[in-house]
Amino acid sequence: MEINLSQEQGKVSVSVFKVKGNITSEVGLQEKAKEVHDAGIHHILLDLSEVPYMSSAGLRALHYIFSLLRAHEESDQATKAGIAAGTYLSANLKLYKPNKHVTEVLKTAGYDMFLEIHTDYKKAIASF
Amino acid sequence: MEINLSQEQGKVSVSVFKVKGNITSEVGLQEKAKEVHDAGIHHILLDLSEVPYMSSAGLRALHYIFSLLRAHEESDQATKAGIAAGTYLSANLKLYKPNKHVTEVLKTAGYDMFLEIHTDYKKAIASF
Amino acid sequence: MSSYFLRIEKASLNDLDGIILFIEESTKKLEVSSAVTKDVVLATLEAVTNILTHGYKDKPGWVEIVIQRNGKSLIVCFRDLAETFDPTQKPTPDISLPLDQRPIGGLGVHLIRNFVDEVIHQVPSQGGNELICIKKDIFP
Amino acid sequence: MSSYFLRIEKASLNDLDGIILFIEESTKKLEVSSAVTKDVVLATLEAVTNILTHGYKDKPGWVEIVIQRNGKSLIVCFRDLAETFDPTQKPTPDISLPLDQRPIGGLGVHLIRNFVDEVIHQVPSQGGNELICIKKDIFP
Ligand SMILES: Nc1ncnc2c1ncn2[C@@H]1O[C@H](COP(=O)(O)OP(=O)(O)O)[C@@H](O)[C@H]1O
Ligand SMILES: Nc1ncnc2c1ncn2[C@@H]1O[C@H](COP(=O)(O)OP(=O)(O)O)[C@@H](O)[C@H]1O
Numbered sequence: 001m002e003i004n005l006s007q008e009q010g011k012v013s014v015s016v017f018k019v020k021g022n023i024t025s026e027v028g029l030q031e032k033a034k035e036v037h038d039a040g041i042h043h044i045l046l047d048l049s050e051v052p053y054m055s056s057a058g059l060r061a062l063h064y065i066f067s068l069l070r071a072h073e074e075s076d077q078a079t080k081a082g083i084a085a086g087t088y089l090s091a092n093l094k095l096y097k098p099n100k101h102v103t104e105v106l107k108t109a110g111y112d113m114f115l116e117i118h119t120d121y122k123k124a125i126a127s128f
Numbered sequence: 001m002e003i004n005l006s007q008e009q010g011k012v013s014v015s016v017f018k019v020k021g022n023i024t025s026e027v028g029l030q031e032k033a034k035e036v037h038d039a040g041i042h043h044i045l046l047d048l049s050e051v052p053y054m055s056s057a058g059l060r061a062l063h064y065i066f067s068l069l070r071a072h073e074e075s076d077q078a079t080k081a082g083i084a085a086g087t088y089l090s091a092n093l094k095l096y097k098p099n100k101h102v103t104e105v106l107k108t109a110g111y112d113m114f115l116e117i118h119t120d121y122k123k124a125i126a127s128f
Numbered sequence: 001m002s003s004y005f006l007r008i009e010k011a012s013l014n015d016l017d018g019i020i021l022f023i024e025e026s027t028k029k030l031e032v033s034s035a036v037t038k039d040v041v042l043a044t045l046e047a048v049t050n051i052l053t054h055g056y057k058d059k060p061g062w063v064e065i066v067i068q069r070n071g072k073s074l075i076v077c078f079r080d081l082a083e084t085f086d087p088t089q090k091p092t093p094d095i096s097l098p099l100d101q102r103p104i105g106g107l108g109v110h111l112i113r114n115f116v117d118e119v120i121h122q123v124p125s126q127g128g129n130e131l132i133c134i135k136k137d138i139f140p
Numbered sequence: 001m002s003s004y005f006l007r008i009e010k011a012s013l014n015d016l017d018g019i020i021l022f023i024e025e026s027t028k029k030l031e032v033s034s035a036v037t038k039d040v041v042l043a044t045l046e047a048v049t050n051i052l053t054h055g056y057k058d059k060p061g062w063v064e065i066v067i068q069r070n071g072k073s074l075i076v077c078f079r080d081l082a083e084t085f086d087p088t089q090k091p092t093p094d095i096s097l098p099l100d101q102r103p104i105g106g107l108g109v110h111l112i113r114n115f116v117d118e119v120i121h122q123v124p125s126q127g128g129n130e131l132i133c134i135k136k137d138i139f140p
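Chains as they are written, first to last, in the working numbering: chain A, 1 to 128; chain V, 1 to 128; chain S, 1 to 140; chain P, 1 to 140.
A few of these clues could be false.
Unchecked claim - Partner residues are not named here, just some residues of chain P that face chain S (Cβ under 8 Å, in silico): (1) Ser3; (2) Glu64; (3) Val66; (4) Ile75; (5) Cys77; (6) Arg79; (7) Ala82; (8) Thr88; (9) Thr92; (10) Ser96; (11) Pro124; (12) Ser125; (13) Gln126.
Bear in mind the hints are in silico, worked out from the structure with no lab data behind them. Note that beta-carbon positions come from the ideal geometry of N, C-alpha and C, so glycine has one too.
Construct the entire structure; sequences and hints are all you get.
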């Protein structure tokens, strides 16, 4: 697995992680997210378009990054209501183009309820 | 497995094999049948009332004894017609009181179509 | 959940009575119905007889039997160190034929298939055979 | 019928890409649909990851994978020599809870159960573990 980082400017600075290869370990993703987070960037778009398979190690990484960025959410009324209603989607971590295998893993774990999945790159950046 | 032999006189001489214990080998039954056959007795009633389980080794023994005694069948018209129609039941080898486990093995192998199963001892002897 | 093991270093046909007792006791502990116990005993007789007569060619040989609950299924597993042979590939014999038109024998594998719901053959790492018999949906 | 074997003496997470290739190639030879291949790859990733991270505690260890057709079923079997552990007894996690109310992880066994029809855990004679995953009724 290879991770390439780039930065995009929307309403906020977004760090784009482009992953190439199967995600079978959480370590690389977590380390990169921590670095970016410590450098002051709190919005990450994970580009999964070149990931054939993802194991539960990838779910662990997503969970970790979700929690890492969670502290920086603006906790407005809408967010609070969403959390209470169980309809809350992360505003800081979003996914781009997971294939159907990866999507199935996300759904089977119930992660699709908490992470936006985008298929249009420009709209994904603009959504942050 | 223990086999006890006795002789009964009906219309013909019938050798009764009383088996005690599980039938898990064909050897004992086949040897005893051969002895009895060579001594000139061609009608055998196999008393299975004290057999808890029978394996396919028992089926092999039945098949062997069936064939051994088969040569002595009176081949009248009825027998021949029965063979042709597949409704032939051995006149020389019959079974007495197999339990439901043993009966299931006989049925699963399709042997119940060729061997009479008796539950009344006197009628069994008289039927030869 | 509990597994019950029986390992016989030098098994022969004389051990079959003891093997039946082992199956009856383990299925009792697993609270299996007597109908299922009967099916498992009958499948066991055939599986072990084949190992001893065909696999080990009537010489004493190592046999292991494992019986365990797996969710709603009961699993019985037979292991040996004889030559690898996959009985699941045997065609079904024609049991509608008159006896004198049939070969003697050839019914053991048919009986196993009839008494359990699924039969799997595997080759363990150390060689030999593992035959896994599954009775499905027998536990609540 | 054909079985496909992969044995790695000192397996680590780096071997997972190679293991995926092995599964893809063997399922292709067995003429399995791509949907089934996907399910088997995903179950394999979880089974092997658990062996390596929990069973062998991230140290290199012996792993064997066997994939074979069994009648209408496809069987995939994972063997290791780590401490015996039966994952089939793990309760199902509550995947309806919000992420921040869930522990991290605990999803591997749930994924395996979701991707195959039956999961059996056994202890081989030499110790360790054997996890048997069955995809049912996928062959004509
Ligand atoms: N464990 C085994 N090892 C080698 N060959 C076997 C084994 N089990 C079965 N066979 C072969 O398959 C055939 C059919 O077996 P089975 O249906 O049990 O009938 P039988 O044992 O009465 O011949 C046997 O005759 C034998 O050639
Ligand atoms: N092969 C194994 N050996 C030992 N323990 C295991 C094994 N597989 C799973 N476990 C235990 O079961 C738990 C749940 O496993 P799993 O559902 O795969 O989630 P995760 O691996 O993410 O914790 C693990 O945390 C571990 O304690």
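Against the structure, the hints:
{"no.": "1", "hint": "Ser3", "verdict": "7 Å, holds"}
{"no.": "2", "hint": "Glu64", "verdict": "6 Å, holds"}
{"no.": "3", "hint": "Val66", "verdict": "7 Å, holds"}
{"no.": "4", "hint": "Ile75", "verdict": "6 Å, holds"}
{"no.": "5", "hint": "Cys77", "verdict": "6 Å, holds"}
{"no.": "6", "hint": "Arg79", "verdict": "6 Å, holds"}
{"no.": "7", "hint": "Ala82", "verdict": "14 Å, violated"}
{"no.": "8", "hint": "Thr88", "verdict": "6 Å, holds"}
{"no.": "9", "hint": "Thr92", "verdict": "12 Å, violated"}
{"no.": "10", "hint": "Ser96", "verdict": "22 Å, violated"}
{"no.": "11", "hint": "Pro124", "verdict": "6 Å, holds"}
{"no.": "12", "hint": "Ser125", "verdict": "6 Å, holds"}
{"no.": "13", "hint": "Gln126", "verdict": "6 Å, holds"}
Hint check: violations occur at hints 7, 9, 10; the rest are consistent with the structure.
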